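Asks: Sequence:
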Amino acid sequence: MRSGLMLIGVVGKPSAGKSTFFRAATLAEVDIANYPFTTIKPNHAVGFVKVEDPAIPFGKHSVPRIGYVDGEWRFVPVDLIDVAGLVPGAHKGEGMGSQFLSDLNQADVLVHVIDISGSVNEKGEAVAPLSYDPLNDVTFLEDELDYWYLGILDKSWEKLARQAQQEKAESYKAVAKQLSGLGVDEPMAKEVLGASGLSTKPIVEWSEDERLSLAREFRRRTKPMIIAANKIDVLGAEKNLTRLKEAYPLYKIIPCSAAAEASLRDAARQKLISYTQGASSFTITSTTLNEKQRSGLTFIQDHLLSVHGSTGVQDVL
6 MRSGLMLIGV VGKPSAGKST FFRAATLAEV DIANYPFTTI KPNHAVGFVK VEDPAIPFGK
66 HSVPRIGYVD GEWRFVPVDL IDVAGLVPGA HKGEGMGSQF LSDLNQADVL VHVIDISGSV
126 NEKGEAVAPL SYDPLNDVTF LEDELDYWYL GILDKSWEKL ARQAQQEKAE SYKAVAKQLS
186 GLGVDEPMAK EVLGASGLST KPIVEWSEDE RLSLAREFRR RTKPMIIAAN KIDVLGAEKN
246 LTRLKEAYPL YKIIPCSAAA EASLRDAARQ KLISYTQGAS SFTITSTTLN EKQRSGLTFI
306 QDHLLSVHGS TGVQDVL
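The working numbering applies: residue 6 is where the sequence shown begins, and numbers increase by one.
You may find that some hints are simply not true.
When the alpha-carbon atoms are kept at most 30 Å apart in a straight line, the in silico BS3-like pairs for lysine-lysine are as follows [to be verified]:
(1) LYS195 - LYS55
(2) LYS55 - LYS128
(3) LYS276 - LYS250
(4) LYS55 - LYS178
(5) LYS128 - LYS257
(6) LYS195 - LYS164
Derived by calculation from the structure, the hints in this document are not laboratory data. Since this is a predicted model, take the numbers as computed values, not measurements.
Please take these sequences and the hints and turn them into a complete structure.
Replies: If you want it as structure tokens, here you go:
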């Protein structure tokens, strides 16, 4: 059952860091490994979005009914779902595509986790850093989702189109009924069809390309998406980030390191450091850190927090 909280779907290809991002955001225990389909069943947990406590200017602290307050920050709960990685052909049932696309239907918004370091190919297989172009992942995911929507729109399409024509029903009503399970209602369908020019064209004459264009627009409206450019702390990843932003100016693209955020939260939970999610720094509070731990924390501070201002995970949420 839905909790009533916003549900964020964490999506992407296998091994791009989806489950690491999910864990960093929620501290839920999930399977994390560098091979396809680590996630078989969707993981579901609650994360918290950091916002300024609105009571602070009045010299007080909020006492929220849900969530919690930490210093001057209020943490608002959101639901997250992490499904298995999508591979090319998912809308046709490749990999475990049919089930996982269905799982995503629950989500209100999507976070597309991309390996911006280019160290995982389209199948989720490890390759040399910077040897794979992460820009391909955006097109791939858009196509899979668009054709998934088209498949639902086209289900019994000829029967639907004939019936709508015979009953002289408004085409937007037929489309809204067909896509109601994806969150499309009549006002949205009417607006999209009007903008496309198809509202004045007989529904039986709509081409596949025209129906695909409709599916794409409905996907954009019902599953808004941002991009988490993961593994930004890998040397050379910044160049890919610049290219990605230039190629997709309409997307909100946020650099992040899910692994770094998970490490910091784990260290804070073990009381090795003092760290607030989304902060630009942390304080070592333990005298028992070994050299490897200190080196790892120094790397995170110098190569991520001091450069980008945070690990990026909170910015994504």
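Asks: Look at each hint and say if it fits the structure.
Replies: Here is how each hint holds up against the structure:
Only pairs whose Cα atoms come within 30 Å are accepted, and LYS195 paired with LYS55 is rejected, the gap being roughly 37 Å. Between the alpha carbons of LYS55 and LYS128 the distance comes to roughly 34 Å, so the proposed pair goes past 30 Å and is violated. A C-alpha spacing of about 37 Å is found between LYS276 and LYS250, which places the hinted pair above 30 Å, so the restraint is violated. Our distance criterion of 30 Å between C-alpha atoms is broken by LYS55 and LYS178, whose separation comes to about 40 Å.
For the hint linking LYS128 to LYS257, the alpha-carbon distance of about 25 Å falls within 30 Å, and the restraint holds. For the given pair, LYS195 sits about 21 Å from LYS164 by alpha-carbon distance, which is consistent with the 30 Å threshold.
The structure shown violates the earlier hints numbered 1, 2, 3 and 4.
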